[in-house]
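Trainee: These protein sequence lines map, in sequence, to chains A and S.
If you're matching positions, the first sequence starts at 1 in the working numbering and goes up one per residue.
If you're matching positions, the second sequence starts at 1 in the working numbering and goes up one per residue.
Hint data in this document are derived by calculation from the structure and do not stem from the laboratory.
Note that CB positions come from ideal geometry on N, CA and C, so glycine has one too.
Where hints are given, some of them may not hold.
As the list claims (entries may be wrong) - Straight-line alpha carbon distances no greater than 30 Å define the calculated DSS-like cross-link-like pairs of lysine-lysine that follow: (1) S:K156 - A:K5; (2) S:K156 - S:K109; (3) S:K172 - A:K78; (4) S:K4 - S:K139.
Said to hold, decoys possible - Sample of chain S residues facing chain A (criterion: CB under 8 Å; computed from the structure): (5) T52; (6) F54; (7) A59; (8) R78; (9) Q127; (10) V129; (11) D131; (12) I134.
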Amino acid sequence: MNGIKVITSREIRSYFATPLAYVFILIFLVLSGVFTFYMGNLFERGQADLIPFFNFHPWLYLFLVPAISMRLWSEERKSGSIELLLTLPITRFQAVVGKFLAAWLFAGLALFLTFPIWLTVNYLGDPDNGVIFSSYLGSWLMAGGFLAIGSCMSAVSQSQVIAFILTGTVCLLFVLAGFPLVLNVFRDWLPILVVDTVASLSFMTHFGAIAKGVLGLQDLVFFFSVILFWLLATTVVVEMKQGQ
Amino acid sequence: MGRKMIEISHLVKQFGTLQAVNDLSFSVAPGEVLGFLGPNGAGKSTTMKIVTGFLKPSAGRVSIFGCDIEQDTIAAQRQMGYLPEGAPCYEEMTPRTFLNFIAAARGLKGAYASERLQQVIDTMSLQAVLDQRIETLSKGFKRRVGLAQAIIHDPKILILDEPTDGLDPNQKHQVREMIRGLAKDKIVIISTHILEEVTAVCTRAIIITQGQVVADCRPDELEQRSKYHGALTLDFDESVTAEDFLEEFASLEQVALVESIEESNQLSLFPRHKDQSMLLDVSQLIRDRQLPVVSINQEKGKLDEVFRAVTQEQNP
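The shape of chain S in the complex, shown without the other chains (with noise of 0.2 Å):
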């Protein structure tokens, strides 16, 4: 225990009178891909400039692999790679001369940094813009440079502030696909507000609000959690008015409550029991009535629905 990890424990940062991480605690271990959750100003940021060696915490301590951030600071950053929110970087250089730059300063020589830099090019697919200066690249193109950087000296820990923000939905893609694609040994950390790449890439979800963390699960358990888990969303022609069938749903045994989407002309039923289906009585019911149903969902639970009421939850 210890060594292999990062452990955060009892972490408090103050700017001021703003209380921006407020008694932290929770430990990473190899292998996971950490979806850091929260709204903005929640203090996600400021953790991962403290994690990074970058701030120095008011309280409390962070260890890299047994190394205390504040007292071996070099040694727990040799270990990490990291892309600070907006991916800054410095923009009169090209990719190739500011991944040289990294590359040099992580300590990479000779022969095994020019194929470390030729892989993370292949990766970050940047061979076209090698030699443009960064300034003059897209947003795109700027983020993976910044991606580039973080992995060329295949840390063990990569910490990403908002890796996809502001990409295309293809760009995203390749993100995903890139920390999809790490060794399994490592550790990832990733801070968003997207909920749908917490589904996409993490294995564990925290949720943190005013520094506190306020859920720790994996993110289908954050799923279940939603009301919407298990619910049966049923799409009704323009013909006929959702609302009217509301009571002859709510009848059914399995059927806890129903509820109409009036905007949407549609009806959400939640089960009763979260684990037994609805599915065959409803549809049953459909076919007996001969009710003009177009579709028929089933939830796996809305994401943002469960970040919503458990950011809320502390923040009225």
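Only chain A is shown next, with the shape it has when bound in the complex (with noise of 0.2 Å):
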């Protein structure tokens, strides 16, 4: 547990040590005004509700996470300081799962920062808070499933733009999921509980539950475990590729 909390507590040191982490929040306070604002019409709806806000956040991720996530493994084999890291007494999976809770985190602390949105609805009228604060933990649950593929993707490469490209993508295709577009791809050849597996598997079902301020099991137990199954895949990745 020490390596974790060490592991961690060094990486958001590093994110604020450089212009990254103020870069990062202020584009995503930023992006997420104009989608709730002007794309999602908060004020012209009349209702008293986050709705507009939290719909974009799937497609918010698809390009932000991916900027998060990219250096988490491709910076350190760059660098060299893998080397260094792996060495000390500390577990391959500590080492990964100290670095995505770092970012997890960091992902926390920016969406923390939309606050004055929820300010604004309540002072405009008078939301469900129980559904709003559903709809945050639903979102930031995402952005850790978003990021520990993003971990996974930025173990694969260690050029950062790569890693970037491959997080979009294979984060896209989790998004996208539930949709026709991916589902008719596999109706015609492949059996039905394939089809519905892959359903299953689209992050913007389990999210639009959880905003819905339905809090059900099977959506958190879906997240975990995303999490920790691209977790473990980034462990043998970084186990993988340093033997080459």
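Got two chains here, separate frames each, mind docking them using the hints?
Mentor: Listed below in structure tokens is the structure:
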């Protein structure tokens, strides 16, 4: 446990040691504002809720999360510091989890800083704050899923650009898994069971359920399993890449 | 046996079709400072990466004080301090935050951690740059930060991959002093291709080439292998040609062979028996014949010549 804590705290410090953290948070806040007020018509709808705000999160994460996750392992390998990290008395999995947690906490901070939007709807009306809390939780869990995928993709390549593109692509597949666009590809030649399985992997379906205020166990289990799966995959990839 | 040393047995590492380490076996006992020599690409760094648990061997085993590096990685890694090649570190940190991170990751706590931190800062003279970002530091300072992190937990085993590479002569001297100053019960393995370093700090030298040990002995024994060991080099005045006197020296009984080095106007005299000095006979001849010799040097042996000889036997 000490290993994870030490890695997480080092990583978080290093986010704030460079402009990356500030630029990221700024862009995240500006874009989520733009999406909510201009494209989501928060005011014009005349309803006191944050549905337009959360609706755009999967798309926002699609290109902002890879920006956080791309450096997780690529940079370590490129600078050679991975050799230092992995010869410390810390297991591979602890290092993977430690780095992931740092990124996830950082994403949580960015999400937390959108609270003025929450204050706004509370000032203007009387929203269901339970639903809003649940949506925030769902959004953070979804960010965790994206980041875990990003962690694995970052371990695949030394190049941060490649890590960015791979992460975006894989995440897009997970977002779109419930959409006809993806399902139609499988529907013609795969058994319905497989098609249903693919559909059930959709981040949208599970995030949508939580965002409606229904904190179902299966949705929580889904996101935690996705995170765990991709972190284990990251550990395997880190191990494999070392041998080359 | 086994409990107190590093044992490497039949180590093999294959990268695709490249055999980086080929059935390498040796062991190192406490108190030894082992110089790990070899041409570039001989497998030095790969061996060190396996010993420190960064790479997995294709075959063979490494035991660190009885802990198998593959089975018992963390316990083995606790005993070691490691400076990877090029001393990589987290450039956006400062030496202070970086060393604190390493200390925490190594499980050092409280007063002991601060005490150790202060000690490595003193040993490596890092006080002046403690709060500057590492990326802004000179190469020498970066290397010292790398060394500081390797010794912060006072490890029993220190593995240094080219610790003085790229340092200026003063910094090299400091690093060697530091290594010499380590407690006598430690194991130190240094990889280098700077041969003078081996005579300066090591108690034992291993030369590897193509992933195999080709020499394993004390540095002075290595020098004795040199054909220059015990040889005399005579510098002649510029007014004469050294080669003209070749025959005269060759006729001395103790002298087995004379070589002329044209570009520096020198003669090298090789003894018939390595343990018998030719100095008396040679100086007698110089005095008798009033030869214009400017200086006489007794050679200890040329390490780079031995190095070339043993590494090229394998690799013609």
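Trainee: With reference to the structure, classify each hint as holding or not holding.
Mentor: Hint-by-hint comparison with the structure:
Proximity of K156 (chain S) to K5 (chain A) is assessed by CA-CA distance (about 26 Å); at most 30 Å being required, the pair is judged to hold. At most 30 Å may separate the alpha-carbon atoms for a hinted pair to count; K156 (chain S) and K109 (chain S) meet this at roughly 19 Å. Under the criterion of a C-alpha separation no larger than 30 Å, the hint pairing K172 (chain S) with K78 (chain A) is consistent with the structure, at around 27 Å. Note on K4 (chain S) and K139 (chain S): the hinted pairing is violated, with a Cα-Cα distance of about 35 Å set against a maximum of 30 Å.
This hint holds: T52 (chain S) has a C-beta 5 Å from the nearest C-beta of chain A, less than the 8 Å allowed. Annotation: interface hint on F54 (chain S) holds; nearest CB of chain A at approximately 5 Å, less than 8 Å. For A59 (chain S), the interface hint is violated, the least distance from its beta-carbon to any beta-carbon of chain A being 13 Å, above 8 Å. The beta carbon of R78 (chain S) comes within 5 Å of a beta carbon in chain A, closer than 8 Å, and the hint placing it at the interface holds.
Because the smallest distance between the Cβ of Q127 (chain S) and any Cβ of chain A comes to about 21 Å, over 8 Å, the interface hint for this residue is violated. With a cut of 8 Å, the hint placing V129 (chain S) at the interface with chain A is violated, because the nearest CB-to-CB distance is about 16 Å. Taking 8 Å as the C-beta contact cut-off toward chain A, the hint placing D131 (chain S) at the interface is violated, the least distance being around 12 Å. Evaluation of the I134 (chain S) hint against chain A yields a violated restraint, the C-beta minimum of about 11 Å exceeding 8 Å.
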